[in-house]
Amino acid sequence: MPHVVTDNCRLCLFTDCVEHCPVQCFHADGERSYIDPDVCIDCGACIPACPVQAIHEVFEPDAERELLELNKERSRTLPTISVKRSPLPSAAARQAELGF
Amino acid sequence: MSVQSAETKTVRGACPQDCPDTCAFIYHVEDGKLVEVTGDPAHPMTRGGLCVKLKDFAEHHYNPDRLLYPMKRTGPKGSGKYERISWEEALSTIKSKWTDIIDQYGSQAIMPHAYLGNQGTANGLTAGDAFFNRLGSTVAEKTYCESGSSTAWVMTVGPTGGLDVESLAHAKYIIVWGMNMVSTNLHAWPFVLEAKNKGAKIVVIDPFKSRTAKQADWHIALKPGTDGALALGMMNVIIQERLVDYDYVEKYTLGYEELKVRAAEFPVERVAEITGIPAADIVKLAREYATTPPAAIREGVAVERSPGGGDAVRAITCLPALIGAWRHVGGGAVEMPIYEFPMSVAHVSRPDWIPPGTRVINELDLGAALTGKMKLDPPIKSVFVYNSNPVSQAPDAGELVRGLQREDLFTVCSELFLTDTAKYADILLPATMQAEQYDIMVTWGHLYIMLNQPAIPAPGECVANIDLFRKLAKTMGFNDAYWSLTDDEWLTLAYDWTSPALEGITLDILKKDGWKRLNVGMPDVRTPHAEGNFKTPSGKCEFASSMAANGNFVLDVWRSGYTEMQVGGYVDPVPNYIPPHEAIDSEPTKTVQFPLNLLSPKPHAFLNTQYGNEGPQMKRQGEQRIMINPADAASRSIANGAYVRVFNERGTFEAKADLTDDVGAGLIVTNVGHWPGLNRTGTAVNSTTAPRHANLGQAGVYSDNRVEVERI
Numbered sequence: 162m163p164h165v166v167t168d169n170c171r172l173c174l175f176t177d178c179v180e181h182c183p184v185q186c187f188h189a190d191g192e193r194s195y196i197d198p199d200v201c202i203d204c205g206a207c208i209p210a211c212p213v214q215a216i217h218e219v220f221e222p223d224a225e226r227e228l229l230e231l232n233k234e235r236s237r238t239l240p241t242i243s244v245k246r247s248p249l250p251s252a253a254a255r256q257a258e259l260g261f
Numbered sequence: 039m040s041v042q043s044a045e046t047k048t049v050r051g052a053c054p055q056d057c058p059d060t061c062a063f064i065y066h067v068e069d070g071k072l073v074e075v076t077g078d079p080a081h082p083m084t085r086g087g088l089c090v091k092l093k094d095f096a097e098h099h100y101n102p103d104r105l106l107y108p109m110k111r112t113g114p115k116g117s118g119k120y121e122r123i124s125w126e127e128a129l130s131t132i133k134s135k136w137t138d139i140i141d142q143y144g145s146q147a148i149m150p151h152a153y154l155g156n157q158g159t160a161n162g163l164t165a166g167d168a169f170f171n172r173l174g175s176t177v178a179e180k181t182y183c184e185s186g187s188s189t190a191w192v193m194t195v196g197p198t199g200g201l202d203v204e205s206l207a208h209a210k211y212i213i214v215w216g217m218n219m220v221s222t223n224l225h226a227w228p229f230v231l232e233a234k235n236k237g238a239k240i241v242v243i244d245p246f247k248s249r250t251a252k253q254a255d256w257h258i259a260l261k262p263g264t265d266g267a268l269a270l271g272m273m274n275v276i277i278q279e280r281l282v283d284y285d286y287v288e289k290y291t292l293g294y295e296e297l298k299v300r301a302a303e304f305p306v307e308r309v310a311e312i313t314g315i316p317a318a319d320i321v322k323l324a325r326e327y328a329t330t331p332p333a334a335i336r337e338g339v340a341v342e343r344s345p346g347g348g349d350a351v352r353a354i355t356c357l358p359a360l361i362g363a364w365r366h367v368g369g370g371a372v373e374m375p376i377y378e379f380p381m382s383v384a385h386v387s388r389p390d391w392i393p394p395g396t397r398v399i400n401e402l403d404l405g406a407a408l409t410g411k412m413k414l415d416p417p418i419k420s421v422f423v424y425n426s427n428p429v430s431q432a433p434d435a436g437e438l439v440r441g442l443q444r445e446d447l448f449t450v451c452s453e454l455f456l457t458d459t460a461k462y463a464d465i466l467l468p469a470t471m472q473a474e475q476y477d478i479m480v481t482w483g484h485l486y487i488m489l490n491q492p493a494i495p496a497p498g499e500c501v502a503n504i505d506l507f508r509k510l511a512k513t514m515g516f517n518d519a520y521w522s523l524t525d526d527e528w529l530t531l532a533y534d535w536t537s538p539a540l541e542g543i544t545l546d547i548l549k550k551d552g553w554k555r556l557n558v559g560m561p562d563v564r565t566p567h568a569e570g571n572f573k574t575p576s577g578k579c580e581f582a583s584s585m586a587a588n589g590n591f592v593l594d595v596w597r598s599g600y601t602e603m604q605v606g607g608y609v610d611p612v613p614n615y616i617p618p619h620e621a622i623d624s625e626p627t628k629t630v631q632f633p634l635n636l637l638s639p640k641p642h643a644f645l646n647t648q649y650g651n652e653g654p655q656m657k658r659q660g661e662q663r664i665m666i667n668p669a670d671a672a673s674r675s676i677a678n679g680a681y682v683r684v685f686n687e688r689g690t691f692e693a694k695a696d697l698t699d700d701v702g703a704g705l706i707v708t709n710v711g712h713w714p715g716l717n718r719t720g721t722a723v724n725s726t727t728a729p730r731h732a733n734l735g736q737a738g739v740y741s742d743n744r745v746e747v748e749r750i
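Chains as they are written, first to last, in this note's numbering: chain A, 162 to 261; chain B, 39 to 750.
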């Protein structure tokens, strides 16, 4: 089922996920990343990589329509990211705030 | 007071599935329970990730529907009614039935049926070979997948591993020919992307727009079964425009003059007509391929699944030598690198035990063999199925079901679950899953030898295949020392540990480290054929194959090590284009009646039929669907999402229609692997496929299939 990046990524952008993705389906702006659902092959390799558990598999697409649309739309216009970057300056604080 | 803490451990393993990736596993066990299976981050192919099919693999071991005990049938065949019996009763029933059959009809009246439900050396394709050879049963020729390609490959370049998929990262032009890598060779895809990120052009040749084709720089959607014509057309351009590497051809190939004559028969206008690809594109493909070194071809098995598939693979495999691609790191072709592993067929399969003159029956012909459509003397009175689900996977499923329904057929099935095939068994025997067994895994996609070690005990009374056949050997009174070998002794004899490929590698080292790369050159320097050294009789790349004179054959590994009683038949010394039987307009009445060509590639979330009964995987895969072009749908009043009936004279199944431009007009695509019994009408795609063989290696012609579709 489609995988999505949630708002946990915002203010973090750890990008550990991108190097685990065998199909380079991640896109990112300066704030957070997104998964292109048309390229994602559901392998789930990214899920355990994220320090703030920002990725999950969507089993009920109707219940998460907005989040799916966001990931899809942003993937259309943003460049792919396949090499890990340094996290945002706010990442440590955001990680603590999220309880990880 | 004692402090309770979870006892955790990790164990190294490797994937059992029929997949070229053969991933390195880490089993995570807590208090004796398997809680997780992850990919080894240190393995250069696995890179810490598995795949969608292996999600929930730990939970799979605890599926409540697992067969845990021997069972005997209590209801009609196919009804799925069974009761538990002891192993003692199961084995004595088998002994009694087989003894009677052997007395009355001879041992050839018994036939095994096995494929790659497990891909281990001890528990996989060949697990029952030594036993059934010793019994004197019919030799079952196992050609579901790969046999056509491997015959073609061996005839052309010999039993070589060819290009390492990891070396694809160094290519500048990559043709993925007939493979949906993102679904079926996922772990090689990052190397393709690495090349792409460094400027390589990625071309995907596939009749429909697969997930992989969507990632290509250039998708070439040729008509099914016309790959041979395209390859010959490329040769025509390369030769005409003098893009040949004459030095390489002169030194390291055989039969260039003959190939030239053949290629001259395929000018681009003719090839455009055959393939549906514009002539200008064929020229462009040939020129780019020939002038963008290092140039690589990743050959997929799909090409073999048409009548001319064998010669198509030969033609494709000739291309690298024609342009000198083998000179470069990242250049050449890869099909199935299994040949680099020094496995001893003599030990694993014990072909020396096969009585002279034993007959061979091809597994894809099981239906006709059971119903009597194929005249057999003696008839088949018993079939023993393991590692296989023919009711789903063999062509012409209807014929097979008719055969399995015979009251006088004694059927035994070793299985994990009550599959559509298992429901016809008289006796069911429970098998272990991967975390419960010990084996060196066979791999056909990379160059690492992988050991799987058990992490949890076998549940119930499940046994590993190697133990199953030890039990059966004892039951039938076989006293050979072979049956008393321990697992380690057996595995030690299964490989030539003195071979250069295994230098520095031992079973003890594998127990510690889980896997090791063979000594066949690292991916950034490996060029096995830079100076020829092909493993053919001549030592050269054989455009004109010296083996053709001996006729059509299947490699020994697919037929229990048996080299006699090959099917034979004419093989053109130089590869030719052999048109599809059904897919092209060679049968006008059929074209009118069944105008759509149906392809049945592998599913994304199941591996063949494995996981097809797991709730989450069924959700991920979705129900049985067809991809249909909007024009074909409109003329049949089929709306998007509507249910349709797909049918021809062989059978029928129902599916949900997805209207999409990812398939051209005249072509529909559905996945194989959905359990027929879980589908609407209890049938799936192989009710419609033809029980014929391709021109080489007895491959099945799954892609050569015409149907009609109507809305329900």
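Just so you know, the hints here were simulated from the structure itself, not pulled from any lab data.
Yeah, the Cβ is synthetic: ideal placement off N, Cα and C, and Gly gets one too.
Treat the hints with caution; some may be incorrect.
[As the list claims (entries may be wrong)] For lysine-lysine, the following PhoX-like pairs were computed, each having C-alpha atoms within a straight-line distance of at most 25 angstroms:
no., chain 1, residue 1, chain 2, residue 2
1, B, K413, A, K233
2, B, K413, B, K135
3, A, K233, B, K234
[As the list claims (entries may be wrong)] In silico negatives: residues of chain B with every beta carbon more than 10 angstroms from chain A:
no., residue
4, G77
5, L88
6, S134
7, N235
8, I277
9, E296
10, E307
11, R440
12, E445
13, E499
14, D546
15, L548
16, D551
17, N590
18, H642
For each hint, the structure was consulted:
Of the pairs offered as hints, the one joining K413/B and K233/A is violated, with about 58 angstroms between alpha carbons and a cut-off of 25 angstroms exceeded. At roughly 23 angstroms between alpha-carbon atoms, K413/B and K135/B fall within 25 angstroms of each other, so this suggested pair holds. Proximity of K233/A to K234/B is assessed by CA-CA distance (about 23 angstroms); at most 25 angstroms being required, the pair is judged to hold. Annotated as non-interface, G77/B brings its C-beta within 10 angstroms of a C-beta of chain A; the closest such distance is 7 angstroms.
For L88/B, the shortest C-beta to C-beta distance to chain A comes to about 7 angstroms, within the 10 angstroms cut-off, and the non-interface label is violated. Look at S134/B: its CB is around 48 angstroms from the nearest CB on chain A, clear of 10 angstroms, so calling it non-interface holds up. Non-interface status of N235/B relative to chain A is broken: a Cβ of that chain comes within 10 angstroms, the nearest being about 7 angstroms off. Consistency note on I277/B: stated as away from chain A, and its beta-carbon is indeed over 10 angstroms from all of that chain's, at 37 angstroms minimum.
Against the 10 angstroms criterion, E296/B stays outside the reach of chain A, whose nearest CB is about 42 angstroms from its own CB. Once the 10 angstroms rule is applied to beta carbons, E307/B is consistent with being away from chain A; the minimum gap is 37 angstroms. The claim that R440/B is not at the interface with chain A holds, since no C-beta of that chain comes within 10 angstroms of its own (minimum 38 angstroms). Every CB of chain A is more than 10 angstroms from the CB of E445/B (nearest about 44 angstroms), matching its label as outside the interface.
The Cβ of E499/B sits about 33 angstroms from the closest Cβ of chain A, beyond the 10 angstroms cut-off, so the non-interface label holds. With a closest Cβ-Cβ approach of about 31 angstroms to chain A, D546/B is found to remain outside the 10 angstroms limit, as its non-interface label requires. No Cβ of chain A comes within 10 angstroms of the Cβ of L548/B; the nearest lies about 25 angstroms off, and the non-interface call holds. With 10 angstroms as the threshold on Cβ separation, the claim that D551/B sits away from chain A holds: the shortest Cβ distance comes to roughly 22 angstroms.
At roughly 37 angstroms from the closest C-beta of chain A, the C-beta of N590/B stays outside 10 angstroms, upholding its exclusion from the interface. H642/B, annotated as away from the interface, has a beta carbon of chain A within 10 angstroms; the closest lies near 7 angstroms.
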